[in-house]
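Peer 1: Please model the entire structure based on the sequences and the hints provided.
So the protein lines, in turn, are chains A and B.
So the first sequence is numbered by the numbering used here: it starts at 28 and just counts up by one.
So the second sequence is numbered by the numbering used here: it starts at -7 and just counts up by one.
Simulated from the structure, these hints should not be mistaken for lab results.
From a predicted model like this one, the values you see are computed outputs, not experimental measurements.
Please note: incorrect hints may appear among the correct ones.
[As the list claims (entries may be wrong)] Each computed DSSO-like pair below joins lysine-lysine, with the alpha-carbon atoms no more than 27 Å apart:
no.	chain 1	residue 1	chain 2	residue 2
1	B	Lys130	A	Lys196
2	B	Lys5	A	Lys173
3	A	Lys173	B	Lys4
4	A	Lys96	B	Lys4
5	B	Lys145	A	Lys35
6	B	Lys130	A	Lys177
7	B	Lys155	A	Lys52
8	A	Lys35	B	Lys187
9	A	Lys35	B	Lys155
10	B	Lys185	A	Lys96
11	B	Lys155	A	Lys96
12	A	Lys35	A	Lys177
13	A	Lys96	B	Lys159
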Amino acid sequence: MIEDEILKWRFKHGSRTALARIYEKYVHLLLSVAMGLLNDPHEAEDVVQDVFVSFARSANGFGIQGSLKAYLAACVVNRVRDQARRERVRQRHLGRPAAGPAEASEADQSLLYSERCERLSQALAELPYEQREVVVLRIKQEMTLKEVAKLQGVSVSTVHGRYRYGMEKLRALLDGEV
Amino acid sequence: MRGNESFEDIVKKDLDVRTSDGTHERMRRAVLDAHGLSQTNTAAATPTIRRRTLMRSPVVKLGIAAAIIAVVGLGIVEFVGTGGKSGVVWADVAQKVQASRGVIFRTTEHIVPDTYDQGVDFGMHHWSSTQSRLDLYKGGEINRTIWSDCNTKTTTLVDYYHKSYVKMTAEKMPDHFRMADPNGWVQRFLSCKYKELGQKTIAGVLCEGIETTDPAFYGGGNPPETPMARIWVSVETGYPVQFEGERVYDGARHTFVQDQFQWDVEIDESLFEPNIPAGYIDISPTE
Chain A
28 MIEDEILKWR FKHGSRTALA RIYEKYVHLL LSVAMGLLND PHEAEDVVQD
78 VFVSFARSAN GFGIQGSLKA YLAACVVNRV RDQARRERVR QRHLGRPAAG
128 PAEASEADQS LLYSERCERL SQALAELPYE QREVVVLRIK QEMTLKEVAK
178 LQGVSVSTVH GRYRYGMEKL RALLDGEV
Chain B
-7 MRGNESFEDI VKKDLDVRTS DGTHERMRRA VLDAHGLSQT NTAAATPTIR
43 RRTLMRSPVV KLGIAAAIIA VVGLGIVEFV GTGGKSGVVW ADVAQKVQAS
93 RGVIFRTTEH IVPDTYDQGV DFGMHHWSST QSRLDLYKGG EINRTIWSDC
143 NTKTTTLVDY YHKSYVKMTA EKMPDHFRMA DPNGWVQRFL SCKYKELGQK
193 TIAGVLCEGI ETTDPAFYGG GNPPETPMAR IWVSVETGYP VQFEGERVYD
243 GARHTFVQDQ FQWDVEIDES LFEPNIPAGY IDISPTE
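Peer 2: Now the structure itself:
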């Protein structure tokens, strides 16, 4: 917490070292969140890189007064939602279904994850998006239901319901595998 | 179920993605490059800090006044030339703000969606021509104070909650100093395209306003997606009564208001002296 406050302070004063530390500290967490939301390693990598690049450019813009970790996660969620919106528009225009989960080619090992992670990511992709978002943010990002409710613009009870149904379905999908 | 782990623990542990060494370095380089580019662009786009000192020179003041008149005469700026319908002469506003000895005002900021506690309800600014003090309030108490001195390029932050402080000397003044500078607001309005908003009463004061959606207003290498800024000036006194700003970054809408202005006040110099309580921990960076 204190470290993040200092990192924010130094970053706002133009420190490259602070930015590098923020990147090192959160890149894997954000990649995991993005993978959980997108079930696509390439897209996850693009989203996280975009978030960090945008963050790097914002040093002279508005200050971040709250949690750095929550802020970066919210940026990932917003980018994923934008991506999903663009994909829906693309489907409407092209009149074809969305591509299934991308499969990382063997030649491209840009991200490293286990088979269990891959299976979990596939199972998460079968949840309705809102439920998936709650499950990933609650479990991986350790956000409270109240924080997720604010991010989703719904009540805490709605988020609680999404979490419960999401976890039940996820458990059923992974039954015997974990 | 593996061992004694709960399903949540397993999900948390299994959902773990890492970069390969090559990807890690490539992404890291892209991020740091973006930062370097941003710093370069912003330095060129926002030379407002030095200007505050320069503007103390009568020669520079005269030069800038002449430039404003020339710009208005060429019709590049739309706000003068409103004939009898306007009670506010905007060029005069810039001069009055510039000449103000000290100013006190409040800043309130909101972010939507607000995914985390901001830790601040509002901030109270005290400004002289080259120094500022910002007290951040939460629950009716000051939880942080930030002093900035343009002459020494020094910023000091005292965090009363964590009983710690940071002292920084930087070539560039911190963001809150640049963005909150009321004189900078007016000057930036002068250099942007904007439209008139007409009159409205704010806190019992009849005001006239102008609005800009020019991304250049916020400067920096990463302009917001939907920038907006408004300034409302008292028809009677010619001083700003309220600044309003809004911009969207990464889907989050930031809005802020500066109000409760007290213009041309003599501020006790001691308020600008950083006051660090005994026993507070120095967490200043060493780089």
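Peer 1: Check each numbered hint from earlier against the structure, then list the numbers of those it violates in ascending order.
Peer 2: The structure breaks hints 1, 8, 10; every other hint is satisfied.
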